[in-house]
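Colleague: Take a look at the letters that make up each chain.
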Amino acid sequence: MAAASAPRRAADTWARLTRTNPAVASIDALLRGTGQVMFQNNPLTGLLFLVGIFINSAKLGGAGLLGLAASTLAAYLLGADRTLIRNGLFGFNGILVGIGLAFFLEFDPLLGVYIVLGGAVSTIVMMALANLLSPWDMPALTAPFVLTAWLLLFAVYQFAHVRPSPLIAPMPLEPQATVQTELRELPTGPGDAGLTAANLAHGFFRGVGEVMFQDNLLTGVIFLLAILVNSRISAAFAALGSLLGLLTALALGGNGVLIYHGLYGFNPVLCAIAIGGLFFVLTWRSAAYALVAAVFSAIVFAAFVVLLSPIGMPALTAPFVLVTWLFLLPRAGFKVLQPVALADVSTAENTRASYRLRERGPNATPEPGEAT
Amino acid sequence: MAAASAPRRAADTWARLTRTNPAVASIDALLRGTGQVMFQNNPLTGLLFLVGIFINSAKLGGAGLLGLAASTLAAYLLGADRTLIRNGLFGFNGILVGIGLAFFLEFDPLLGVYIVLGGAVSTIVMMALANLLSPWDMPALTAPFVLTAWLLLFAVYQFAHVRPSPLIAPMPLEPQATVQTELRELPTGPGDAGLTAANLAHGFFRGVGEVMFQDNLLTGVIFLLAILVNSRISAAFAALGSLLGLLTALALGGNGVLIYHGLYGFNPVLCAIAIGGLFFVLTWRSAAYALVAAVFSAIVFAAFVVLLSPIGMPALTAPFVLVTWLFLLPRAGFKVLQPVALADVSTAENTRASYRLRERGPNATPEPGEAT
Amino acid sequence: MAAASAPRRAADTWARLTRTNPAVASIDALLRGTGQVMFQNNPLTGLLFLVGIFINSAKLGGAGLLGLAASTLAAYLLGADRTLIRNGLFGFNGILVGIGLAFFLEFDPLLGVYIVLGGAVSTIVMMALANLLSPWDMPALTAPFVLTAWLLLFAVYQFAHVRPSPLIAPMPLEPQATVQTELRELPTGPGDAGLTAANLAHGFFRGVGEVMFQDNLLTGVIFLLAILVNSRISAAFAALGSLLGLLTALALGGNGVLIYHGLYGFNPVLCAIAIGGLFFVLTWRSAAYALVAAVFSAIVFAAFVVLLSPIGMPALTAPFVLVTWLFLLPRAGFKVLQPVALADVSTAENTRASYRLRERGPNATPEPGEAT
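Residue numbers (the numbering used here), protein chains in the order written: chain A, 1 to 372; chain B, 1 to 372; chain C, 1 to 372.
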């Protein structure tokens, strides 16, 4: 395809440089680590993610890079498998730890130390969980980020020199209180309220942005494009996930301010990408299964908000991790689903092509355009 | 035995019908799913359980049937193992989810959707846990129900359109407050109070009924009879479990209203049945072990009440699941206990007979009346 | 070495007596169980630990002995592996349960029953976790103590006849409140305050003592000597752990009263001993890894304090268990670390010598003084 040749050639040049130039190889690993936050092992996706983050907040972008560097460096120093490092598997938890800590804590010199420690520990937890889950051939997902960031965040109420931002504070639970369901940017005050196209667009795109704590419509658009660069199927499921999270919350009467800021979206986005074509071969049935997971994860988000409200801590991506683990663990136990071996996971398109190929027999050739 | 021939013939007829008539087969699977709530793979036990529930509350009965149908249907649609479905292993968590959600939430059109989703998810969680626990040959017990129902219940504080009933509400903890230990139906007001035979009978039988949220003496009686239909040993341990839960709570000074309503009983009932002859071969030592588990689970119930009181959520059967897992996991590590392979679990009577047979050698014949 | 011959001969005599005299064998098992609280499989270490405890509190010492006896007796009655019992592996959780319950509950006749039940259950949980963790060749650490004691402690708010001491009470969380960082014995009132040598010594030695709830400088000194009797490396890491816990808390601005009483020290002490030479072969890199774990565990202690503050329950050694599991689980996944098989764990000195020997080849002889 001639139209694709310019980007294709650029990609080839980059791939060649990563083999010959260690600095480029390192940058490639860091960019892939960024892309892996949404399962995209692609440096261009990672680069666009960073663009999306820095457009919204240079502070969060810088914190993310620090965590990313710390976690990747720790993996090198500890002698982790080089192929895993190159594929960014020791980076995505680190960047999330960096952004997450900067998002919920006051800016402060000690914050840097905290992020470096958190990034390094996330690499240890990643290896721990990879080993723990290996008997079931299950992925660690973002559990290393969730666990590490939770422990570091919970602790800050006890420390004078690392302070929580006003975003985290214990909330009294009042079961009989009325939930404010009107879709709006701020709890009170002026601003367009209700089911307007603009408000729905904010909820939808911020839902994608919030996967990396980016409460910004434009960042959400860029994130979707960044996924699209690597996989149309993953981009479609990311969009479907955000949409279903939004609709589930609206249907059940969730808080309209949380919905507007995409907080009901980011867990469903990740569930939908993971189950929709990555860890199960994409079929109509696995697609439906992925969408049920997305809907359920929106409810589980609310459950974690309640569970953590006595200490006022954020759910992070724990709902995604829990729901995806529960939906992946049946593996071959459900005959209508075809699990993908962890070592075979690449893009949804590749997986689909190679499993189709397998079904057609060993001598079949791929159809043109089948493998992206 | 001529006296047993009429029920025996009815059972044979039913067994034949389940093989030839798909509608009867489906009903059989649903009834066995109901029976499996207390480990009784017997359609008559399941039927009597349903009678006990509907006598107390048609609303809870209907909600239970909806959850039961949703979980069993999900297992069919996802292609779970047909033998497991027929034995009701994808039903017992579903019926508990249905009853549990209807018990703790306001009656509402969305409740039906919530129950169907919960029932279906309980089947996914069941398969997930079955796979997760298979390296240790351990049963999932009611963990799928507990996990699914917790997530759906926790979430409701965040939703305007699914509302908690007054039964769930955060409770302030006051460690130095006096616990009201007098056995009575209501916290205040008239009514017989203290260690009367009637109050003890209520605590004892409601303890059995509360396994399925049935706060009703008569339902407890029917449940015990329903178990007895399938296994005298299980019925005996159910009774011993409820008794020990009651006595443990009285000895430690538990809240007398909770004791009256059987809330200290239902977890010990399940622990005693599971460990008393089902997952370990019944001997005097494994019986004693089961009773220690029952006593401990009554304390663990109180622990879960405290743990969940900041968010005001119910313990469900989590104490049973945790204690039974802890007491089963040693498996062959304790020489005085003889673990039963998961695939061999049927009734306590059968297990006992077949393991006795094994000890006597391959050519031994069972003694008359040994296998029930 | 002539100087060492008197203690060496006493040790030999004791070893001979344990083989011939069942009473001595039992005492040996109990003393080793005490020593195993800090991974020291040595009866003299255990004896000195008991001396340190009784010097501080005969009540806690007696409660500890009751729990120790109950857990060890339960292991005998249940038919646990005799070698494991003799090495004290069913004792260390029991003694901790005994001391922990006596520390946090009011003295009362029922407390004895509670401790005996807790000790016995800790043995069941120990065997359960040993089996659960065996696919990863991972140790249960003090998780049986933490889990058993938590369940028994959480429950007491619900019981009139087992009462919590004022040490456990729900604490309101006020994220924006100022943390009192001044090092001092009491929150208010007279007494030396600030970074004085005496206050630092209290924090340092009490940090070692608090591993067994002994809030006493002299006990901490005796505990360090007790470890030294068995292993210089473990004693060094215990000291480094307490020091790093103290320094981490000071650097982050932890509560000065908690620091003074060694509460930031006991988890790092255990992490440092476990990772520093016991479960990984001691090298400069594994030593650095152990110290990172120690620092992180001090933060995780603060996290658990916050997590448990709504119900006002103590963290116990949960931070140690969690951090050590996370740092051990990577096993051979990090090439710079050399994991020690669970069956090979003895003293850090022995492990080091035998692994060095292995590297030099099968015909090498140990250097003089290499194996302690």
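Calculated from the structure, these hints are not laboratory results. Note that the structure is a prediction, hence the values are computed from the model and not measured. From the three backbone atoms N, C-alpha and C, an ideal C-beta is built for every residue, glycine too. Don't take every hint at face value.
Okay, the calculated bits of chain A under chain B, using three or more residues with CB under 8 angstroms as the criterion [said to hold, decoys possible]: (1) 79-89; (2) 229-242; (3) 337-351.
Below 20 angstroms or equal to it, Euclidean Cα-Cα: the simulated DMTMM-like pairs (lysine to aspartate or glutamate) are [to be verified]: (4) A:K335 with A:D81; (5) B:K59 with B:E174; (6) B:K59 with B:D108; (7) B:K335 with C:D81; (8) C:K59 with C:E106; (9) A:K59 with A:E182; (10) A:K335 with B:D81; (11) C:K335 with A:D81; (12) C:K59 with C:D12.
Just a sample of chain A residues kept apart from chain B, beta carbon distances all over 12 angstroms, derived [claimed, not checked]: (13) A58; (14) F107; (15) P166; (16) G256; (17) A298; (18) P330; (19) R331.
Colleague: For every hint, state whether the structure bears it out.
Modeller: Verification of the supplied hints:
no. : hint              : result
1   : 79-89             : violated (count 0)
2   : 229-242           : violated (count 0)
3   : 337-351           : violated (count 1)
4   : A:K335 with A:D81 : violated (34 angstroms)
5   : B:K59 with B:E174 : violated (35 angstroms)
6   : B:K59 with B:D108 : holds (12 angstroms)
7   : B:K335 with C:D81 : holds (8 angstroms)
8   : C:K59 with C:E106 : holds (11 angstroms)
9   : A:K59 with A:E182 : violated (31 angstroms)
10  : A:K335 with B:D81 : holds (8 angstroms)
11  : C:K335 with A:D81 : holds (8 angstroms)
12  : C:K59 with C:D12  : violated (33 angstroms)
13  : A58               : holds (33 angstroms)
14  : F107              : holds (30 angstroms)
15  : P166              : holds (20 angstroms)
16  : G256              : violated (10 angstroms)
17  : A298              : violated (9 angstroms)
18  : P330              : violated (4 angstroms)
19  : R331              : violated (6 angstroms)
Hint check: violations occur at hints 1, 2, 3, 4, 5, 9, 12, 16, 17, 18 and 19; the rest are consistent with the structure.
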